[in-house]
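**Student:** Single-letter residue listing:
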Amino acid sequence: MPLDAVLNIVASGLLTGLVYGLMALGLSVIYGVVRIVNFAHGELMATAMYAAVFAFALADIDPLWILAPLAIGFFGIGYGLQRVLVNPFIGRPEHAQFILLLAVALIIVNVLLVAFGPDARSVQVPYALDSYEIGPLLIDKVRAICAAVALVTCAILFAIFRYLSFGKAIRACADNLLGAQVVGLNVKHLYALTFGLGTACVGIAGCLMSMLIDVTPGLGPAYTLLAFVIVIIGGLGSMTGALAGGVLIGVSESVAGLLFTPSAKGMVSFALMILVLVFRPQGLFRAR
Amino acid sequence: MNRSVVCLLALLAVLLVLPLALDRYLLAVMILIFYFAFVGQAWNVMMGFCGQLSIGHALYVGLGAYTAAALYQHFGVIPWVGMLVAVAVCVIAASIIGWLAFRFGIGGTYFALLTIAFAEFTRIGFEHFDWVGGTGGFFLKVVQQDRFDLLNLRGHPVMFYYLALALAVGGFLVSAWLLRGRLGYYFRAIRDNEEAARAAGVNVFRYKMYAVQISAAMTAFAGVFFAFYYNNLFPEQIFHISRSIEIIMAPIIGGIGTLFGPVLGAAVLTLVSEGINAALEVGGHEIPGVKQILYGIALGASIMFMPHGIWPGIARRLGFERSQDDEDA
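If you read the sequences in order, they're chains A and B.
For the first sequence, our numbering assigns the number 614 to the initial residue and increments by one for each residue that follows.
For the second sequence, our numbering assigns the number 1091 to the initial residue and increments by one for each residue that follows.
Keep in mind that the hints were calculated from the coordinates and are not lab data.
Fair warning: there could be bad hints in the mix.
[Unchecked claim] The calculated label-pair distances, taken between Cβ atoms and stated as ranges, are:
1) A:ALA681 <-> B:ARG1296: 49 to 57 Å
2) A:PRO706 <-> B:TRP1189: 18 to 26 Å
3) B:TRP1189 <-> A:ASP673: 53 to 61 Å
4) B:ASP1239 <-> A:ALA835: 34 to 42 Å
5) B:TRP1221 <-> A:HIS802: 54 to 62 Å
[Claimed, not checked] Residues of chain A clear of chain B, computed beta-carbon distances all greater than 12 Å:
6) ALA668
7) ILE679
8) PHE688
9) TYR692
10) ALA728
11) GLU746
12) PHE774
13) CYS786
14) LEU791
15) LYS801
16) THR853
17) SER882
Yeah, the Cβ is synthetic: ideal placement off N, Cα and C, and Gly gets one too.
Work out the full structure, taking the sequences as your base and the hints as a guide.
**Tutor:** Here it is in structure tokens:
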């Protein structure tokens, strides 16, 4: 196998992995603060993908243009979801939370199925076939743009948590819930903000992903599982871990596609997850 | 004999003569109810009694189904023997998962995710496992349905009706026996407070392993039944996570941790789902997905408004509340 081909595949896996990372980041942020495992994560992502496909098919809008409105819309969806549905379940047993979000996921994926049918749809932007040539590497323009947008989004999220007062307040809730309540933080509101931020991440990730692959309703459950695999490998609740895990899975998927068959790539991801759960349940990129 | 036993025996007597009055369609509906009552019961042993959430029970259904079917098709091993192998395979798989999880202290959410991961891993594996057909599916020879070949489990739906009924009754009895015995008390102690159970001297690791193994062994029977009843197996269908979710619906809606909950839940869900099918057919709106949406709403509403399921409330109203069923509901 020529080295060039391997390098190219690793590079493309790395770029896709950054988008995966953004998706997983949303899940991780929600879990890290609200301590709820968002089982409808991939379904929300699929919804964003359909929004992008729909805008493109209807008005020929480049998905990149609807990133901002989509992010705001998804922020609202996440905020509402937490406020209305999830909030009463905080403090209930884990299986109850799990089942609630499973129900949400089931509803979303089937609404998509009813609305758009089972056929695959795609977004073909005019520059879909362009690529950059860097030394021996040939990098798709679309993929590079997606990775860049994902990185910028992550940077914005990190900045929110680091510098903005409500970001700091959210971190306070995550670090010490009782303390946060004692100093008078509105925990319900902050939880909903967190859920909104996580959902906005997945909205952007979905919008980007719609340019990279064909969209079907079945992607919802598949991406939920993928997001879990990534955050568990990176460490549930860890932000850098989610990003690094995304890149790792992106690369391992593309390499597995090269070594075995593309359809077996999921097996490698699940095997990685099982190994991590067993030997380093706190995640690869997180101190115990 | 107390009242609940009398009621159960009366129900059983009705179910025994019921096939005389049922056409093929209703027979199929009843078989579905028994099937879901049984797998729900099996899942309930692990989650309802012992508190270990599995969302990967399709793994055991699939492994059981494929083991018995492959032995039958490739080597002519009769299903009654294949069943034992299937149970062994499932118990081994469950032991691996349980050992890995419990030895390394994985619980709660992480355990649930581990069960999903194993089921998905196996699904993709079977899709590339050509000896049993891979993605193309694995098919058992279908014979004329007017015979009763109990030895090879080939034949008329009425035979499957009684087999499914036997499974459901068997599952119920095993659960009742578990709840009454020492094992059941250990399970519930672990479920309610693992640390306290450990402090009281319960070997938590061992009993969690037992719970997982018993649950897997029971589910293996369901898998064998599935294989010989439907005659075709596709990894995409049998191992899929939506199958695992289907399995947990009945006990959740009926009442987690109760004896009769899975049975009631299976009956309610199956009848509702068949009713929806019929209504959609009459209305001419046979759109794929509509039924699942209603399922999702039912699941969400039941966990939101009836976290303990339907059964405990009914049991109280019927005056069964002092029976073993809902002692801990």
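**Student:** With reference to the structure, classify each hint as holding or not holding.
**Tutor:** Hint check:
1. A:ALA681 <-> B:ARG1296: 49 to 57 Å: Between ALA681 of chain A and ARG1296 of chain B, where Cβ atoms are some 56 Å apart, the hint holds.
2. A:PRO706 <-> B:TRP1189: 18 to 26 Å: The hinted range 18 to 26 Å holds for PRO706 of chain A and TRP1189 of chain B, with Cβ atoms some 25 Å apart.
3. B:TRP1189 <-> A:ASP673: 53 to 61 Å: Given a distance of about 56 Å, which is inside 53 to 61 Å, the answer is holds.
4. B:ASP1239 <-> A:ALA835: 34 to 42 Å: Between ASP1239 of chain B and ALA835 of chain A, where Cβ atoms are some 41 Å apart, the hint holds.
5. B:TRP1221 <-> A:HIS802: 54 to 62 Å: 57 Å, holds
6. ALA668: The claim holds: ALA668 of chain A sits with its nearest Cβ about 22 Å from chain B, beyond 12 Å.
7. ILE679: Fine: 25 Å to the nearest Cβ keeps ILE679 of chain A off the interface.
8. PHE688: 22 Å, holds
9. TYR692: 19 Å, holds
10. ALA728: 9 Å, violated
11. GLU746: The assertion about GLU746 of chain A holds, with a minimum of 35 Å to chain B.
12. PHE774: Holds: least Cβ distance 23 Å, greater than 12 Å.
13. CYS786: With a cut-off of 12 Å, CYS786 of chain A remains clear of chain B, as the shortest Cβ separation is near 19 Å.
14. LEU791: Holds, since 21 Å exceeds 12 Å.
15. LYS801: Check passes; 18 Å lies beyond 12 Å.
16. THR853: 20 Å, holds
17. SER882: SER882 of chain A not clear of chain B: closest Cβ-Cβ about 9 Å, inside 12 Å.
Of the numbered hints listed earlier, those contradicted by the structure are 10, 17.
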